[in-house]
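**Q** Sequence:
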Amino acid sequence: MGTEKTHRRLLGDLEGLAHEAGAIELAREAGIVAERLREGRFYVACVGQFKRGKSTLINALVQDNVLPVGVVPVTSVITVVRWGERLAARVRFGQRSWDDCDPRTLETYVSEEHNPSNEKGVSGVEVFVPSSLLATGMCLVDTPGIASVSAANTAATGGFVPHIDAALVVLGADPPISGAELALVEAIAGTVQDVVFVLNKADRLPEGERAEAVRFTARVLGERLGRPVGPILQVSAAERLGGEGPARDWDALVLRLESLVRDSGADLVRAAEDREARALVDRLLVELDQQRSVLTRPLDESETSIELLRRAIANAERALEELGPRMTAVQDRLMQEFTAARDAFLSGAIARARRDLGNRLADVVPAEGSLRIRAPEAAADLARQTLDGWRHVHGPHVDRLYRDAMQRFVSLFGELYDSFAAMPGLTGLVRPQLEAALTHRSGLYYTEMLTVAPVSAPLRFLDVFRRPEACHRAVERDAIAYLERLLEVNTARITNDLQARVRQSRRDLEADVRRRLGDAITSAERALAQARQTQEAGALAVQDRLQAIAALRARVDALGQRRR
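Each residue of the sequence shown is one higher than the last, beginning at 2 in this note's numbering.
Bear in mind the hints are in silico, worked out from the structure with no lab data behind them.
Please note that a few of the clues may not be correct.
[Said to hold, decoys possible] Label-pair distances were calculated between CB atoms; the ranges are: (1) Arg216 - Arg478: 26 to 36 Å; (2) Asp100 - Gly539: 34 to 44 Å; (3) Gly539 - His115: 42 to 52 Å; (4) Glu304 - Ile33: 26 to 36 Å; (5) Arg205 - Ser348: 49 to 59 Å.
[Said to hold, decoys possible] Straight-line Cα separation of at most 20 Å, DMTMM-like style, residue types lysine to aspartate or glutamate; simulated pairs: (6) Lys121 - Glu26; (7) Lys121 - Asp103; (8) Lys52 - Glu240; (9) Lys52 - Glu114; (10) Lys52 - Asp175; (11) Lys52 - Glu108; (12) Lys121 - Glu108.
Idealized CB from N, CA, C, for every residue including glycine.
Take the sequences, apply the hints, and build the full model.
**A** Right, here's the structure in full:
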């Protein structure tokens, strides 16, 4: 059976078991994920601070004013914009079924003015648009702006982060990026690979100020994430929607999203199903353990236990923060060992590469001017051979360093889990496993930096007036400098690649722990409400429910093993 069919059946089984357990919300989530799988949909969330123009950007991308916009913060509810044969919309309240609604009345449900802090209890809004950009599975998700006057809006966006498959981070120039946005981007980058950065409202700033804002934002993001963030695309969604003004980077943005659908869409869907299925299994097991625990003790004791659980989770969060420096120390030791091995290899390899380059150029008797072109090509070829030699000899060593770092992280989290043993309600948390932590493969690629290769027209012009020997020396000198620059840049890429893998895996482990802590208190409160009803029905009802919980837990655990 194919992977997609396997996940589809597993999610269907999970939905049924969640219903049997009385975990209606979990059952609903399993059904939603299964539907996403059937339809091949993935979520590209549009995120950022309030008033960055996220809703306007989505409107411009689908070429229709489908989302409400305004002067004050507008969006208060997560809104999914997906493909449809005609413009339509639907809304869900709580756990009820979807209700169709007029797309022109969306602000009634999603705007801060008409639904402040989502006081109406809207749990989902979907808008269907006949946009070619969305025709092959991509859904654009409008999220409430963070750091707005409503804390509920920020919480709603934060709660949606685990469901994001790719992100469109919308930034501005005043300020270029806030602390809240940095934290959100870091959280998103810890769960997804594809993050596109957009500076919106580019029409409101002079070019010089806009360029300064882009440079500042790129630097801050790179420092926070520990890696280059790629181009920050400058656009004006309002101008594009109105069909006026310069395009700037608009075409590049559309092409980036189209390539995301073409090159990564299927992988994003599969990753989403695996991630969601794993989370649902874990949450359902916690739910059942909580139900069993609450049923076996007096209700007032359970109420006290929940209050203790809240305190325990707060302590666990603090312990997790305190664990940070120890994990950073692990990363530092790893990079010291790696850097020493890399430097030892390159100290001899660079000298050999320089000699080889000199020998290659000495044998070349090219036509006039062509030596200047062939020399950088030879330098790039030798740089690649040197780097490939490094990866061939030391690649297994790099993989071992990565695995050792992950083993140490897992051990540190294991110590943290051991400390939970004395905390009521947290004893059932599953310890992290090494294989689950080894989730990030190398994303290394080389660059030949051809834009800085020494083949400029002025240099070639000077070569004409040099004697052959002087010309040859000048070409060789420039080619050697180019070779050394290639090795410098690409060895830095090797270093950054390992750092990124370790950092990303660490973030995944931390995010998993925090998710489990949150699930623990949610399940405990729900279990207490269910226990009240069961205990009111009498001792026999309690015994029957305990037997049913034991049987359900065995079946859910079996599903988790099948997923692995």
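**Q** Does each hint fit the structure? Answer for all of them.
**A** Hints versus structure:
Taking 26 to 36 Å as the suggested C-beta distance range, the pair Arg216 and Arg478 conforms, at roughly 32 Å. The given range of 34 to 44 Å is respected by Asp100 and Gly539, whose C-beta atoms sit roughly 39 Å from each other. A hinted range of 42 to 52 Å holds for the C-beta pair Gly539 and His115, which are about 47 Å apart. A beta carbon spacing of about 32 Å between Glu304 and Ile33 agrees with the range 26 to 36 Å that was offered as a hint.
Between Arg205 and Ser348 the beta carbon distance is about 51 Å. The supplied range of 49 to 59 Å therefore holds. At most 20 Å may separate the alpha-carbon atoms for a hinted pair to count; Lys121 and Glu26 meet this at roughly 18 Å. For the suggested pair Lys121 and Asp103, the alpha carbons sit about 17 Å apart, so the restraint of at most 20 Å is met. Taking the CA atoms of Lys52 and Glu240, the gap is near 16 Å; set against the 20 Å cutoff, the hint holds.
Between Lys52 and Glu114, the direct Cα distance comes to roughly 14 Å. Compliance with the 20 Å bound is thereby established for this hinted pair. This hinted pair checks out: Lys52 and Asp175 have alpha carbons roughly 11 Å apart, not beyond 20 Å. Taken as a hint, the Lys52 and Glu108 pair is honoured in the structure, with Cα atoms around 16 Å apart against an allowance of 20 Å. The straight-line distance between the Cα atoms of Lys121 and Glu108 is roughly 12 Å, inside the 20 Å bound, and the hint therefore holds.
The structure is consistent with each of the numbered hints, conforming to all of them.
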